[in-house]
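Asks: Each chain is listed here by its residues.
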Amino acid sequence: MILTKEYNVKKNDFVNAGKVSVEVKRLLKETGISPSTIRRIGIACYEAEINMIIHSLGGDITFNVEDDGKVTLSFDDVGPGIPDIERALVEGFSTASMEAKEMGFGAGMGLPNIKRVSDEFSISSSSEGTHLLIGFVEQ
Amino acid sequence: MKSVIKYGLDTCTKCLKCVKSCPTGAISQKDGKIKIDDEICVNCGRCIKECYHRGLEALRSPITKIAEYDYTVCLIPSSVAHNFTSNSEIEEAFYAIKELGFDEVFDLSGYEGALFEKYREYAEKTAEPVIASFCPVVNNLVRIKYQLLESDLIPYNYASEIAAKELKEKLKDKGNVGIFNLVECEAKLALARHPFNSEYYVDHALAIADVLPLIKLTNLENKRIRVNLSKTGVNCSNTVSNPGTEDIIVADGYEKVNAILDSAEFGLLTDVKLMMLYPCFNGCIGGHLTWGNCFLTCKNFHKLQLKDEVQEVTLSQITRTTDGDVKQARALKDRLTFFKKVNETLEKLPGYDCSACGLQTCRIMAEEIVAGNKTIEECRVHRALEVINESK
Numbered sequence: 024m025i026l027t028k029e030y031n032v033k034k035n036d037f038v039n040a041g042k043v044s045v046e047v048k049r050l051l052k053e054t055g056i057s058p059s060t061i062r063r064i065g066i067a068c069y070e071a072e073i074n075m076i077i078h079s080l081g082g083d084i085t086f087n088v089e090d091d092g093k094v095t096l097s098f099d100d101v102g103p104g105i106p107d108i109e110r111a112l113v114e115g116f117s118t119a120s121m122e123a124k125e126m127g128f129g130a131g132m133g134l135p136n137i138k139r140v141s142d143e144f145s146i147s148s149s150s151e152g153t154h155l156l157i158g159f160v161e162q
Numbered sequence: 141m142k143s144v145i146k147y148g149l150d151t152c153t154k155c156l157k158c159v160k161s162c163p164t165g166a167i168s169q170k171d172g173k174i175k176i177d178d179e180i181c182v183n184c185g186r187c188i189k190e191c192y193h194r195g196l197e198a199l200r201s202p203i204t205k206i207a208e209y210d211y212t213v214c215l216i217p218s219s220v221a222h223n224f225t226s227n228s229e230i231e232e233a234f235y236a237i238k239e240l241g242f243d244e245v246f247d248l249s250g251y252e253g254a255l256f257e258k259y260r261e262y263a264e265k266t267a268e269p270v271i272a273s274f275c276p277v278v279n280n281l282v283r284i285k286y287q288l289l290e291s292d293l294i295p296y297n298y299a300s301e302i303a304a305k306e307l308k309e310k311l312k313d314k315g316n317v318g319i320f321n322l323v324e325c326e327a328k329l330a331l332a333r334h335p336f337n338s339e340y341y342v343d344h345a346l347a348i349a350d351v352l353p354l355i356k357l358t359n360l361e362n363k364r365i366r367v368n369l370s371k372t373g374v375n376c377s378n379t380v381s382n383p384g385t386e387d388i389i390v391a392d393g394y395e396k397v398n399a400i401l402d403s404a405e406f407g408l409l410t411d412v413k414l415m416m417l418y419p420c421f422n423g424c425i426g427g428h429l430t431w432g433n434c435f436l437t438c439k440n441f442h443k444l445q446l447k448d449e450v451q452e453v454t455l456s457q458i459t460r461t462t463d464g465d466v467k468q469a470r471a472l473k474d475r476l477t478f479f480k481k482v483n484e485t486l487e488k489l490p491g492y493d494c495s496a497c498g499l500q501t502c503r504i505m506a507e508e509i510v511a512g513n514k515t516i517e518e519c520r521v522h523r524a525l526e527v528i529n530e531s532k
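Taken in order, these protein sequences are the chains called A and B.
Each number in this note's numbering corresponds to the 1-based position in the first sequence with 23 added.
Each number in this note's numbering corresponds to the 1-based position in the second sequence with 140 added.
Derived from the structure by calculation, the hints contain no laboratory data.
Just so it is clear, CB atoms sit at the ideal spot from N, CA and C, and this is done for glycine as well.
Any given hint might turn out to be false.
Claimed, not checked - Below 16 Å or equal to it, Euclidean Cα-Cα: the simulated EDC-like pairs (lysine to aspartate or glutamate) are:
1. Lys28/A <-> Asp474/B
2. Lys481/B <-> Glu161/A
3. Lys52/A <-> Asp402/B
4. Lys285/B <-> Glu46/A
5. Lys205/B <-> Glu239/B
6. Lys52/A <-> Glu290/B
7. Lys480/B <-> Glu89/A
8. Lys473/B <-> Glu46/A
9. Lys473/B <-> Glu161/A
10. Lys52/A <-> Asp474/B
11. Lys473/B <-> Asp90/A
12. Lys481/B <-> Glu53/A
13. Lys93/A <-> Glu161/A
14. Lys480/B <-> Asp107/A
15. Lys285/B <-> Glu89/A
16. Lys473/B <-> Glu89/A
17. Lys396/B <-> Glu161/A
18. Lys480/B <-> Glu151/A
19. Lys28/A <-> Glu487/B
20. Lys473/B <-> Glu53/A
21. Lys42/A <-> Glu231/B
22. Lys93/A <-> Glu239/B
23. Lys480/B <-> Glu53/A
Unchecked claim - Far from chain A, some chain B residues (derived; all Cβ distances over 12 Å):
24. Thr204
25. Tyr209
26. Glu229
27. Glu264
28. Ser291
29. Leu307
30. Ala349
31. Asp350
32. Leu357
33. Lys371
34. Lys443
35. Glu449
36. Val521
Claimed, not checked - The calculated label-pair distances, taken between Cβ atoms and stated as ranges, are:
37. Ser226/B <-> Glu122/A: 29 to 39 Å
38. Glu109/A <-> Glu268/B: 37 to 47 Å
39. Tyr30/A <-> Gln287/B: 18 to 28 Å
40. Thr225/B <-> Glu122/A: 25 to 35 Å
Just chain B, with the same shape it has in the complex (with noise of 0.2 Å):
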């Protein structure tokens, strides 16, 4: 997965805060320019949050976007149903954001919701609990840090891009049509063909706290546009009102989505069937690009009227076709050789994990330095050592 998440700014305070919150150790500085590293990138922006100098931001295309396509649809996540208080106030904002200029606009509860029941079909019939893999950012962790989880993720598409499909083969007269989708977070907005050139049927993804401030919800005159929000999609993206059951564990936040990716690991989790892991404090609702705050938007969930009905979807539909960027695996032995080294090289550097070098842990330093893109004196502390140790 490419990285949306780029540096603006033309100096660096070398704070080291970005590299050192990285779960995967892909960000590295350099002489005060931050690197990202796309193959283990997953998006989930907690560097942009760590950044004090709000140097870090996620690449998003600008709702303009809209003026190159002959037909516009905007894809709702229902996540965006929790900023209001009732069905009305929401049949008017779905309205309003159509009047940004879309010719459509187009519900996603219906298809969260069916996934979520595809994911509970999938999951009676494994022996092992498997992980729903509706968050990009759980997807890629489990790919790059939980690499035993990976046959246990169920092998089906985004809701977004379902959407998308369906509505592109329904739309195909109506010229170019361009698939907006709004979204709650870093990691959705590379779910989209731009600005990367990716295989999505999204074509451009949009912060939901980009779109949100530009709706006009006063003088409607009771203009309205009829949604019939599914309960079980809208559910789905609030973590509150979705407890989790006796077999299904529901997690919010990055530290207990870890833990239990953990435990996972050790065969720990044997009464459990589902996982519905959510990085983001009370699911997607707390996403990073979303309008309201979470803590409270949660509580609008149970002003609302909805129905349990969801999308009725078939396996062909929702099946993944395109997989993340494969990592070429070398061969076992280059790879034990490779270690040795590295572990040998980890000895003779100090340890701290200060990042000092520009790289978060030790570790990665002995990796590139075994690799020939570093050397031992680029070790701050190492070289302050010697020169302690010359001294006496």
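Pulled out of the complex, with its shape left as it was, chain A reads as follows (with noise of 0.2 Å):
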């Protein structure tokens, strides 16, 4: 493993929106991992880290970078869940806040984006919290 690192995302926390992924995107930018590569990780990382934070009750990304370049984030959060994920990965489909809508997010386009964007795509979710494993390799 080259790289490990984790990070908690609190709910309704708008002001920290983004920083967790700007992050992400300026250790990539160290790797060597093509900027097209990395273009795709930030925008669905981005995507999810803010679903956290309007959906969920907060939880933890998991940022890796594997020895042959490959990069995986796993987000973890602790509930409610999603509870139709086949309606969730429609994309324009929506249970954004109002107060998320007014701050610009909760267009929904989240997860069909992220789904999009990603090489590997894996989403399970319970009442007990939503695990979202994406991963990107190099093309």
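Dock chain one against chain two, each of which comes alone in its own frame, and use the hints as you go.
Replies: Put into structure tokens, the structure is as follows:
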């Protein structure tokens, strides 16, 4: 493993929204991974981080760079879970609060966007929490 | 790009303000000597502003260089127009600038306006938002710090270079032709052949702040040079009269420019087609080497009679042919190994980013240690902590 980092994200912490993604992006630029791959990672990481802030009760983001340059990000929150993942993966479907929408978040593009840009995508959810794992390899 | 910024004093108080102010970590200090890394300096001039002792300065050509040429042309950017309150004043100023010893003065606003039109055409054809490439600071920041946006930089040349190339072609019978460009900032000083012998059509860059105080605007007896300033061109040097449109985002000030580039890297600027980014306040009229106060001169725009016309240009004329120095990319595997070692070294460093070692951050120090240029003993805090631990 080249690098492992863990970050904590709090519910409704819009003030610090995006800070983890900025840090992840900054670190990735030092690795020699190609800009086009980092761009995909940045977009996915930002969307997933914002998702956590808007929808979840908070949780952790784990960022891994593996020996071959593969990057994985896992987002593990503590609830309340996504009732219908199939619907959440449809573009434009949103359950974001008015508060979030007023701040420009929650357009319903989050999960579909993340899936579109990532090479590996797995998600599981129950009322105890949602676990999203995404992976990226150099193309 | 070569750094135009040099340290001129014999001594340095080691306050480290310049080291900390650098957006790319290009400055370091060792034994009172300031060193600037040419590869990553973007010539933004922030360090010059931070140096309380006026030790840092930008290398530039003096106007006396005119004597070295048979025929000289002075390019005048549209930002200069903001120093005057009427068209007749501008025409007198053009005459007065020519009187400093140039054979010809050339108004750049037509080319600046034409470039803006071409940026808009280019932006219409692309899916991603694109970045106007008139500012060398923004261009270099993208190459060094925002690499993910490199393909979004519009590959067009600078207005001064387009004009200088045309003029050299047109004036080739005049012998040794020297093209001088009046510039607003440190970064544009670097867009000239001298003093670095770089491959530019502009031969010398002169600071507006050096030249405007020399001109004599009294007793001109109505002597003028006809100038047809392009409204679009003049607009482009000033963000107050050019606040952007529905799909063009205009921003001034370094922090704003950075925030926008960060947003763009995350793909958040979905409604934007074109980014016009000016690291200086109120656009190019706020450059460090301009004459008037940009918070006052921005108002002069409304007092001028300007036409909408721009110079006719073709794409082959404006497309950039030479690109900046391309850094040799190492293989991914080597980079990853280096990255891993840097992170491990970083764990051993205190993490204060105090710059006491002369480098901006602990990360840069860790990189230097891994590269073998520094040792961990050179970290003052690390050493102090060791002493404290031993005495316990």
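Asks: Confirm or reject each hint.
Replies: Tested hints:
| no. | hint | result |
| --- | --- | --- |
| 1 | Lys28/A <-> Asp474/B | 21 Å, violated |
| 2 | Lys481/B <-> Glu161/A | 21 Å, violated |
| 3 | Lys52/A <-> Asp402/B | 13 Å, holds |
| 4 | Lys285/B <-> Glu46/A | 13 Å, holds |
| 5 | Lys205/B <-> Glu239/B | 15 Å, holds |
| 6 | Lys52/A <-> Glu290/B | 13 Å, holds |
| 7 | Lys480/B <-> Glu89/A | 10 Å, holds |
| 8 | Lys473/B <-> Glu46/A | 22 Å, violated |
| 9 | Lys473/B <-> Glu161/A | 12 Å, holds |
| 10 | Lys52/A <-> Asp474/B | 14 Å, holds |
| 11 | Lys473/B <-> Asp90/A | 8 Å, holds |
| 12 | Lys481/B <-> Glu53/A | 12 Å, holds |
| 13 | Lys93/A <-> Glu161/A | 7 Å, holds |
| 14 | Lys480/B <-> Asp107/A | 40 Å, violated |
| 15 | Lys285/B <-> Glu89/A | 23 Å, violated |
| 16 | Lys473/B <-> Glu89/A | 11 Å, holds |
| 17 | Lys396/B <-> Glu161/A | 32 Å, violated |
| 18 | Lys480/B <-> Glu151/A | 35 Å, violated |
| 19 | Lys28/A <-> Glu487/B | 12 Å, holds |
| 20 | Lys473/B <-> Glu53/A | 12 Å, holds |
| 21 | Lys42/A <-> Glu231/B | 51 Å, violated |
| 22 | Lys93/A <-> Glu239/B | 64 Å, violated |
| 23 | Lys480/B <-> Glu53/A | 10 Å, holds |
| 24 | Thr204 | 44 Å, holds |
| 25 | Tyr209 | 43 Å, holds |
| 26 | Glu229 | 45 Å, holds |
| 27 | Glu264 | 22 Å, holds |
| 28 | Ser291 | 8 Å, violated |
| 29 | Leu307 | 37 Å, holds |
| 30 | Ala349 | 35 Å, holds |
| 31 | Asp350 | 38 Å, holds |
| 32 | Leu357 | 50 Å, holds |
| 33 | Lys371 | 34 Å, holds |
| 34 | Lys443 | 38 Å, holds |
| 35 | Glu449 | 39 Å, holds |
| 36 | Val521 | 22 Å, holds |
| 37 | Ser226/B <-> Glu122/A: 29 to 39 Å | 52 Å, violated |
| 38 | Glu109/A <-> Glu268/B: 37 to 47 Å | 30 Å, violated |
| 39 | Tyr30/A <-> Gln287/B: 18 to 28 Å | 23 Å, holds |
| 40 | Thr225/B <-> Glu122/A: 25 to 35 Å | 49 Å, violated |
The structure fails hints 1, 2, 8, 14, 15, 17, 18, 21, 22, 28, 37, 38 and 40 (numbered hints given earlier, in ascending order).
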